[in-house]
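K.L.:
In order, the protein sequences belong to chains A and B. Going by this note's numbering, the first residue of the first sequence is number 1, and it counts up by one from there. Going by this note's numbering, the first residue of the second sequence is number 1, and it counts up by one from there.
Rather than coming from a laboratory, the hints here were simulated on the basis of the structure. Predicted model only: the values in this text are computed from it and were never measured. Where a beta carbon is used, it is the ideal one built from N, C-alpha and C, also for glycine. Watch out, some of these pointers could steer you wrong.
[As the list claims (entries may be wrong)] Keeping only pairs whose Cα atoms sit at most 27 Å apart, straight-line, the calculated DSS-like set for lysine-lysine is:
id, chain 1, residue 1, chain 2, residue 2
1, A, Lys-226, B, Lys-173
2, B, Lys-44, B, Lys-147
3, B, Lys-75, B, Lys-233
4, B, Lys-70, B, Lys-138
5, A, Lys-130, B, Lys-75
6, B, Lys-173, B, Lys-147
7, B, Lys-203, A, Lys-226
8, B, Lys-70, A, Lys-130
9, B, Lys-15, B, Lys-44
10, A, Lys-348, B, Lys-147
11, A, Lys-226, B, Lys-138
12, B, Lys-75, B, Lys-44
13, B, Lys-147, B, Lys-192
14, B, Lys-84, B, Lys-203
15, B, Lys-192, A, Lys-226
16, A, Lys-344, B, Lys-75
17, B, Lys-70, B, Lys-173
18, B, Lys-75, B, Lys-99
19, B, Lys-70, B, Lys-203
20, B, Lys-99, B, Lys-192
21, B, Lys-44, A, Lys-226
22, B, Lys-173, B, Lys-15
[Said to hold, decoys possible] Computed footprint of chain A on chain B; a stretch qualifies when at least three of its residues, placed anywhere within it, have a C-beta under 8 Å from a C-beta of chain A:
id, region
23, 17 to 23
24, 187 to 199
[Unchecked claim] Residues from chain A that keep clear of chain B, each with C-beta distances beyond 12 Å, as calculated:
id, residue
25, Ala-206
26, Gly-276
27, Val-289
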Amino acid sequence: MASAHSRMNCGEFRTTYQQDTTIFPTPLARRTAIFSVIFLLVAPYFLNPYYLNLGIQIGYYGIAALGLNMVVGFTGQISLGHAAFFGFGAFASAWLNNTTGLPVFFCIPLAGAMTMALGLIVGIPAGRIKGLYLAIATLASQYILEDFFSRAEWFTGGSYGAMANPFSIFGFEFDNDQRYFYVVLFYVVVMFLLGTNLMRSRDGRAFVAVRDHYLSAEIMGINLTKYRILSFGISSLYAGIGGALFAHYLGFVSAEGFTIGLSIQFLGMIIIGGLGSVMGTLLGTAFMVLLPEVMEAGVGLIGGGSSSLIQALAYIREMAIGLAIILFLIFEPDGLAHRWRMIKAYWKLYPFSY
Amino acid sequence: MAEPAAKIAEKPVEKEILLSINNIEVVYDEVILVLRGISLDVPKGELITLLGPNGAGKSTTLKAISGLLKTEDGKVTRGSITYKGESIANSDPDLIVRKGIFQVMEGRRIIEDMTVIENLRLGAFTRKDRGVKDDIEKVFHYFPRLKERTGLSGYLSGGEQQMLAIGRAIMAKPEMILLDEPSMGLSPLLVKEVFEIIRSINKEQGITMLLVEQNANMALHSADYGYVMESGKVVLDGTGQELLDNEDMKEFYLAGGDKERKSFKNLKSYKRRKRWM
């Protein structure tokens, strides 16, 4: 007989409601989360700047993608204008810092709040329409904001773009990758914990109800319009904070960066990661950020020294993202989060299938 | 058909009327007239049933009360719906839930991506008090089999989903529940069980119920009072027993009684039906 310690879990058994609603469903999940945060805390000391840069990208895009997932994955709406909100957050933070002299430390959350206000305004018409009409309405907001970025010189610096100062606390500047990594890490942890928490609250259940059965939601006393608008607001808050982090990382914001292409990339992140999954969002973002890098490394490897071959293969890199989205839509519509759950279930039940 | 209002007036007045519908007309899409003057009274604490063939307007009546008509482009164009002395016709559904009327929709409509408990918590959406946990236990008291189901509610059987839908209504602590065909798709044994539970919730929790049913026999046996609708009108009303004893009811809804079963193709029956309407 094996001792009790060597036995493996053969399932998750939750016997109280508290167990069912904790942020981390199992002790293992909690430990994994804590260990990965500890790992990330020491990571800047042994990772080279290239990897740190990728980590930072995953961080700010991940925060924005989580916002989009709240609209698309949890509330069942669609938004094609997420990049514009991301951009608005970036400009807002830079503008606040440049015009009022408020420290960047405060500008980032304030920019998030400004973007949220904008999202609520855009959400007012969007809360009343559905499906294709909503897609077009959000597309319109994407183009209107893009136009605004290139024209509103007082706010964005017009075609010249805006400078954004580095993040600093009490005169200590987070001006290199190693330092800025911590800023992003802090925001990722806070925003993802907030997101997970929101989704297991009363409002989170309301969002899911609006997505799954809007009639059912209505008869339970959920005001559909209010919650649709609210989901746009929260999603914009996330986009704004992600954008602000992006701005103060690059030090320069230009209007060209926030096109419909980026909006589609955000959608790709949450489709690949898993619609309606908080952790999946981070996985999907990592996938989307790392895929071109991996492809590039692969192309370099196959191409060897020949530069013409590398150039020919460069197209593969461009196509890879589109291909990845299509493949995920066909083979894993629930995204990486679902695949991850399957793997966990497999190990839990091994050697049996069910 | 003689005005139902006259009949209502005959009823003893000491009953407290919780919900009163007075001669309402409902139009969908501004062109389709579905209800042509429905009047009914729901006394507090009673179980009232609404019967009738498909397309009679039973569900529409419920939707008119719960405000769901709005989402389906329908509108109460005439008459009044009064709940506790307050007019609620054409209100928003979420306001009506807050006033204490909760609808259990046809076809259950639970949130399949949520667990049983999450669904129940969602039912308590409008509540701000701290008794939600106790009420979850209360629901499990009525539906013990729900307690054993820990996974997503999409994997529940049809009967269990129906139980969950009713449990969700209890969670809202409403004064009145509108039940739309709770027997739909359930096995006869389960229908019996569900009806018994509905009756005991009605009696023990003091929740007034308005029940729409196709299973007339079952509904009339548990109801205090019943209304029969046909093409947008109330054609008959009476206590559960009165309706069970009614010859026309036996013929059209209860399939037989002491006489042999008749078909709708039968001309005589058809004529009788005409007279009835």
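K.L.:
Does Lys-203(B) sit within 27 Å of Lys-70(B), going by the straight-line distance between their CA atoms?
P.N.:
32 Å, violated
K.L.:
Quick one, are Lys-70(B) and Lys-173(B) close enough, alpha carbons at most 27 Å?
P.N.:
24 Å, holds
K.L.:
Check whether three or more residues of the region 187 to 199 of chain B sit with their beta carbon closer than 8 Å to a beta carbon of chain A.
P.N.:
This one is violated; 0 residues, fewer than the three required, reach chain A with a Cβ under 8 Å.
K.L.:
Taking only the CA atoms, is the gap from Lys-70(B) to Lys-130(A) under or equal to 27 Å?
P.N.:
Holds - the C-alpha atoms of Lys-130(A) and Lys-70(B) are around 16 Å apart, at most 27 Å.
K.L.:
Taking 27 Å as the top limit, are the C-alpha atoms of Lys-75(B) and Lys-233(B) close enough?
P.N.:
17 Å, holds
K.L.:
Take the C-alpha atoms of Lys-348(A) and Lys-147(B), compute the straight-line distance between them, and say whether it is at most 27 Å.
P.N.:
Judged against 27 Å, a Cα distance of about 24 Å means the pair holds.
K.L.:
Has the given pair, Lys-70(B) with Lys-138(B), been kept, meaning a C-alpha gap of at most 27 Å?
P.N.:
33 Å, violated
K.L.:
Hey, does Val-289(A) actually stay past 12 Å from chain B on C-beta?
P.N.:
Given a closest Cβ separation of 28 Å, the condition holds.
K.L.:
Is Lys-192(B) close enough to Lys-226(A), meaning Cα to Cα at most 27 Å?
P.N.:
40 Å, violated
K.L.:
For the region 17 to 23 of chain B, do three or more residues have a beta carbon lying closer than 8 Å to a beta carbon of chain A?
P.N.:
violated (count 0)
K.L.:
Are Lys-203(B) and Lys-226(A) close enough, with their CA atoms no more than 27 Å apart?
P.N.:
Not OK: Lys-203(B) and Lys-226(A) at ~36 Å, beyond 27 Å, violated.
K.L.:
For Lys-44(B) and Lys-226(A), compute the direct alpha-carbon distance and say whether it is at most 27 Å.
P.N.:
32 Å, violated
The structure fails to meet hints 2, 4, 7, 11, 15, 16, 19, 20, 21, 23, 24, 25, 26 from the earlier list, while all remaining hints are met.
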